[in-house]
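**Student:** Here's the letter readout for the chains.
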Amino acid sequence: MAEPDLQSIEFRLTEQQAMLQDMLSRFLENEYAFQARQGVVASQAGWSRRHWRQLADLGLLGATFPEDQGGLGGGALETLVIMEQFGRRIVVEPYLSTVVMAGGLLRHGGARALADEHIPAIVAGERTYAFAFAEPQSRYDLADVATTAARRGDGYVLSGKKIAVLGGPAADGLFVTARTGGGQKERAGISVFYVPRDAAGVLGLDYKTIDGQRASELIFEGVEVPAQAVLGEPDEGYVLADRVIDEATAAVCAEAVGAMDVLLEATLEWCRTRITFGEPLASRQVVQHRLVEMKVGCEQARAMAYLAASLENDAPRERNRLISAAKASIGKDSRYVGQNALQLHGALGFTDEFHVGHYFRRLTAIELLFGDAEFHTRRFAELSAD
Amino acid sequence: MHRSRKSPHAALFRGEIRAFIARRRAPELSARSASAPDRAAWRPWQAALLARGWAAPAWPARFGGAGWSAWEVAAWNEETARAHLPPSPTLGVDVVGPLLIAHGAPAQQARFLPDILSGAAWWGAALAHPDADAPTFRRAAGPSGDERFVLDGAVRWVAHADLMDYLLVAACEAPSPGPPSLFALPLGAPGVALRRLPAVGPALFEIAVTDVVLEGACLIGEVGAGADLIAFLERPSQRDLAKIPRLRRAAARALAHARGDRDLERRGAELQIDLVALDACARRIALLDRTSPLDGRLLRLQTTRLEQRLAELALAVAGYGALASEDGPPLPGSNLPPRLAADPPGAARMYFDALGGALPGARERLYDDAATAILEGHHG
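Respectively, the protein sequence lines represent chains A and B. All residue numbers for the first sequence refer to the numbering used here, where the first residue is 1 and numbers rise by one. All residue numbers for the second sequence refer to the numbering used here, where the first residue is 387 and numbers rise by one.
Hints listed in this document are in silico derivations from the structure and should not be mistaken for laboratory results. A virtual CB, placed ideally from N, CA and C, is assigned to each residue, including glycine. Honestly, I wouldn't trust all of these hints.
Claimed, not checked - Pair by pair, the computed Cβ-Cβ distance ranges are:
id: 1; chain 1: B; residue 1: PHE406; chain 2: A; residue 2: VAL239; range: 35 to 45 Å
id: 2; chain 1: B; residue 1: ALA469; chain 2: A; residue 2: ASP116; range: 44 to 54 Å
id: 3; chain 1: B; residue 1: GLY646; chain 2: A; residue 2: GLY182; range: 25 to 35 Å
id: 4; chain 1: B; residue 1: ARG438; chain 2: A; residue 2: GLU318; range: 25 to 35 Å
id: 5; chain 1: A; residue 1: GLU318; chain 2: B; residue 2: PRO716; range: 41 to 51 Å
id: 6; chain 1: B; residue 1: ASP614; chain 2: A; residue 2: MET23; range: 32 to 42 Å
Said to hold, decoys possible - Over 10 Å on every C-beta distance to chain B, these chain A residues come out as not near it, computed from the model:
id: 7; residue: ARG112
id: 8; residue: ARG152
id: 9; residue: GLY204
Throw the hints in and build the complete structure from the sequences for me.
**Tutor:** In structure tokens:
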């Protein structure tokens, strides 16, 4: 057992982080109430450029970028604050794909020219991005990359298929993992490329996800990119992708906490006031005990989200191990909270005009993102063995 | 003084604890003594702690405690778990001390706290599920007119009562039962009789209390304040926090014997993840200084549940090795040298003990009380 593995977790926010939280919470309360959110989801694009610009104006899109690139210099705890608030309102704008994933690749990628070109566009809310890493055969294994990048002249030619590209339909630019060497499941030989969305040979199938968001399946048919499109060193992209996916995992953990809290609050209120057979639901002991389990789940999830947001300085193996603990734990707890919120509300919980079902859908999607509880339990076990 | 939990201070602090434990720990203290506590084995360790000023990690310094902050106490808990030191077998330091510090009269503090610190007095508690013949008290006057209390009744099913000097008990005033009051019952007082009941897990005791005269200092808080004091005891305590790193260690040890068995490894990983979550939760509660009984109940609910799962895992890992009783020497007629037939030792004992672990605040009551608090809107 590695130790002391939880010592450095910050379980509280700084004054500035608390101010950020207040500001975002107020903004979403005014601009992103449930009906407004439903309007955005039903719109043609499925997200709102107006809201995106407002988030940029509030400085939120730059919160986690360095100050010399127009950001506010925040880190994982700022991401936690923002994602938790987004979870409380099930926000559909492409923050995860653009700021957390593409932004993370640009921040850690060590490609100054790409960072200088794209980070200001993210911070200003002018462009959105997506990270294409999953493939039809890869399941949750980031190293299982069949997409190839063959050298041609000074550049590369990309060929292959990517699935579940979050935020893909709206993206102006793509980051893509592709193999520049090694065998299909090897960590060595993977590179991360920047590809403009409108590059010749990029074919896309855009779709709605189960939680009202948008994603794409992408096929790269001999897409030519220059050598400068590589983030960091060629063949060494796995380390970068792994770090960014861990950060994205921490981000959705925080988002889940926000959504779980709303479901617990709604379910408590419903059970207090809903009368069946002459008594409030909450007077039944079996219901009470479920509410207690939901509360335990929410408390644990919050503590684990802070854990996930405290791993920036850990070595990759220990970071992987604890991210897996957090994602597996939150996966199980969010499933419990989501299912019980839905079922204790009865048929109402299932109707689309009521908010609870939408939170349940989002929690289900989060369960599947970046590895479910099964995957992360297995990874935790492997990394815990000596 | 502000002491940062950021390294390097944290690393230095930990190193200091580690060196102290290595130098001063009593070799007789092992995981075994958690379920079969031995006062003689604890004495030198408690004396060493007292001399170092660490006898009560979480008490304020003016009461003789170490005055540590939450993260320092957490580091202490981790390091003592790492050294296989069992949690304190008496409730004195972790539970009764904080209660007396918060609610005791100065004279009472002066009377009881030093013996708790030195380990001279061990404390237990019997507060759950009062029976129909639970103790009642009546008031009486002492020789110099001081107020005394006379207790009558019975306290049932208390583990390790034979090792304790005092028991916290709740009693209502006779003849008209009002709200309960909380007393320190000296188990050596005339009129107290213990009956030992061998049991699954540690032996339990039935304690008959007949006309036991208590001096005024044995009443904790005011007459009738028992419910509030019991609620105080339900807040998260050092006792709860000390347990968690030990469970994490024990899970790692149990799993070390299961290497190669994929099903057990898998079950172990799930348990370890749940223990990390519990650890993170408990740390958050401690660092934020959250003190609601609801937090204590939720922690205890999850802790007892995981303790039981851990014990079930240890039992599964041990297999046949869990079959041999660890009580007593080999039977007469054995002609092999004595050794432990239980291998690895402790699996069945851990399992039996863990089932009892949920009893002091029986799980169903924890659920009921937590539900009430949550529905009333105490969110923490």
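**Student:** Each hint should be assessed against the structure and marked as holding or not.
**Tutor:** Now the hints, each set against the structure:
1. B:PHE406 / A:VAL239: 35 to 45 Å: 40 Å, holds
2. B:ALA469 / A:ASP116: 44 to 54 Å: Holds - the Cβ-Cβ distance for ALA469 (chain B) and ASP116 (chain A), about 53 Å, lies within 44 to 54 Å.
3. B:GLY646 / A:GLY182: 25 to 35 Å: Given a distance of about 30 Å, which is inside 25 to 35 Å, the answer is holds.
4. B:ARG438 / A:GLU318: 25 to 35 Å: The hint (25 to 35 Å, Cβ to Cβ) holds, given that ARG438 (chain B) and GLU318 (chain A) are roughly 32 Å apart.
5. A:GLU318 / B:PRO716: 41 to 51 Å: Check passed, 46 Å falls within 41 to 51 Å.
6. B:ASP614 / A:MET23: 32 to 42 Å: 40 Å, holds
7. ARG112: 31 Å, holds
8. ARG152: Consistent with the label, ARG152 (chain A) stays out of reach of chain B, its closest Cβ about 45 Å off (over 10 Å).
9. GLY204: At about 37 Å from chain B, GLY204 (chain A) clears the 10 Å cut-off, so the statement holds.
Violated hints are absent here; each numbered hint is respected by the structure.
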